Amino acid sequence: MSSPALVRHPEDSMPATALAEAGPAPAAIAPPTTPPSFGTLALRWYRLNRAGLRAAAIGVVSLLAFLMVWHLLTTYRVVFFVRFTNVPSPLAVYASFSKAIHDPKFLMHIALSCRRIFIGFSLAAIVGVPLGLIMGRFKLVHEIIFPVAEVLRPIPAIAWVPMAIMLWPTNEQSIVFITFLGSFFPILVNTLHGMSLVDPVLVRAAQCLGARERSIFRDVYFPASLPHIFTGLTVGMGVAWVSLIAAEMISGQYGIGYFTWEAYSLVQYADIALGMIAIGVLGLGSSVLIRGAGKLVMPWRTT
Amino acid sequence: MSEIAASTSKGHIEVKNFSLAYETIEGAVQAVTDTQIHVKPGEFVSIVGPSGCGKSTLLNAVAGFLKPTTGIVTVDGERVNGPSAERGMVFQQYSLFPWKTVRENVEFGLKMRGMPRSQRERAARTLLGLAGLEAFEKHYPEKLSGGMKQRVGIVRALATGPKVLLLDEPFGALDAQTRVIMQQILTNMWQRLKISVLFVTHDIDEAIFLSDRVYCMTARPGSIKAEIPIPLERPRQQSMMMSSEFLALRRGLMSLIREESLKAMGGEINDMGMQGLNIELHGHSLADVI
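Residue numbers (our numbering), protein chains in the order written: chain V, 1 to 303; chain U, 1 to 290.
Possibly wrong hints are sitting among the right ones.
[Said to hold, decoys possible] What the simulated footprint calls covered on chain U by chain V, stretch by stretch (three residues with Cβ under 8 angstroms from a Cβ of chain V suffice, anywhere in the stretch; the number is not a length):
no. : stretch
1   : 32 to 46
2   : 80 to 92
[To be verified] Residues on chain V that point at chain U, a partial pick, calculated with CB under 10 angstroms:
no. : residue
3   : Leu197
4   : Asp199
5   : Gln207
6   : Val220
7   : Pro223
8   : Gly294
9   : Met298
10  : Thr302
[Stated by the list, open to error] Label-pair distances were calculated between CB atoms; the ranges are:
no. : chain 1 : residue 1 : chain 2 : residue 2 : range
11  : V       : Lys139    : U       : Glu23     : 15 to 23 angstroms
12  : U       : Lys138    : V       : Lys139    : 37 to 45 angstroms
13  : U       : Asn188    : V       : Pro200    : 26 to 34 angstroms
14  : V       : Pro200    : U       : Val29     : 16 to 24 angstroms
15  : V       : Pro200    : U       : Gly114    : 37 to 45 angstroms
Hints were generated in silico from the structure; no laboratory data involved.
Remember, it's a predicted structure, so these values are computed and weren't measured experimentally.
Where a beta carbon is used, it is the ideal one built from N, C-alpha and C, also for glycine.
Isolated chain V (complex conformation) (with noise of 0.2 angstroms):
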């Protein structure tokens, strides 16, 4: 149990002399002399968490609505500018989901897209972090590197494609490089806008305490901009499936993208919905993993 309500503050075992000077100190409550029932454990903790429990509530029962109306348009057919008359009904979409989790080649199409999705997004990690902090400390660097970045950031990673496959031997390696592209840009002017930021006070503390060049880079500059850096990974992370979808579609053979293309052209409209749901949930997959990264990465953040 971590709940806010159970967890004991060390505030309150503080000493009285700590608490002195004023201070938003908390309300200091008596401890009670017998420990408290699990019904007003179970009060106090609806009491505090009770902003999260309504979203909650609430998040479920509007999914559950999604579902429902997906149902009945598709049930009932409905051609209102939009047509429902081919599109599968979640039902549908269950069964084919269903036999496809026994399926070793969709298992296949998954396991490769995250692959090439690790590969890409791993490299443009790799090289963006340390390029950005690099160009944000070495104003020579910058101004070499910046303005090639500038002209490159505004071409999709989609229209690399054709280049994509000129420049690699295989298939598999252009789309990875497209990936990469596709998140390296972000990652990259996310970093440099977070070194941007770095308050100069900070700097000078730092130096007052005797810290030379390589600390100030690593103690300061460096955590600085992490919440930046991790803005631009997760951003990163969604154009990567963005662009890793597209790459797969044009030029693929495995993998989610080709898998949803396919079944258009095999006819099995369950299998589209089926595709773009897996896409969804390996992309917020994917994001969740980033941002419980940045919370172990950055501790001091309570947000």
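Starting from the known structure of chain V, fit chain U onto it as the hints suggest.
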């Protein structure tokens, strides 16, 4: 703390023939001109003056962040060429590293000096204990009140055993009650460590209460208008601020600063025209009216 006690009778600051100008598109703007100040080893000296008079500029030059246009800054006879751990600094904006816990913040300077982990942990704990912060050693700065943050800031600056401590309006952002307590804490630490202090403030009471000597600066371009020794006995109590001696010093400094503030403001106000402010001068000077 042996490394701190070692700073006894060191920290002689001298600023000679100092001036500093900023380059702008309209030409050089003189921030500080023709200034000499000194701080004897173990002395507590404040600089007061109207806002924008260049007192922070002067302090930043002593810290080594700004290069004087003319003149020289020395500490113990050595010329100041850049920031160094020999001159600890406390900033108004707290400037704690948000990604380091309270103890890691205090340890930072010691880590830069290459002190082994266990040793610097012990040193940081001792110092935090002196400031009544040992219960917060694992907290991140964000969780602390302003007064606590600034106590950490002072402790961090003192941890490396600097020769001098420079403070740039360190209590400016604190409420009145906290400020009084912080002044007491700073005095205690200063007396214990026998370190030289150069303290910039715009609060006259604070300057008198804390200092051995107060420099009063003129309006921009700043220079030293007066040097006022504060002969009040130590240890000083809060009640002394009501004594006739204190009030006399206060009155003297007050009128000096008021003159300069009016000079600084007067230029602007006259330029704008008094009608706009609905103030009729009737032949009096601005100082008489205000």
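Comparing the hints with the structure gives:
no.	hint	in the structure
1	32 to 46	violated (count 0)
2	80 to 92	holds (count 8)
3	Leu197	13 angstroms, violated
4	Asp199	8 angstroms, holds
5	Gln207	4 angstroms, holds
6	Val220	7 angstroms, holds
7	Pro223	4 angstroms, holds
8	Gly294	13 angstroms, violated
9	Met298	7 angstroms, holds
10	Thr302	7 angstroms, holds
11	V/Lys139 to U/Glu23: 15 to 23 angstroms	18 angstroms, holds
12	U/Lys138 to V/Lys139: 37 to 45 angstroms	38 angstroms, holds
13	U/Asn188 to V/Pro200: 26 to 34 angstroms	31 angstroms, holds
14	V/Pro200 to U/Val29: 16 to 24 angstroms	20 angstroms, holds
15	V/Pro200 to U/Gly114: 37 to 45 angstroms	26 angstroms, violated
In summary, the numbered hints that this structure violates are 1, 3, 8 and 15.
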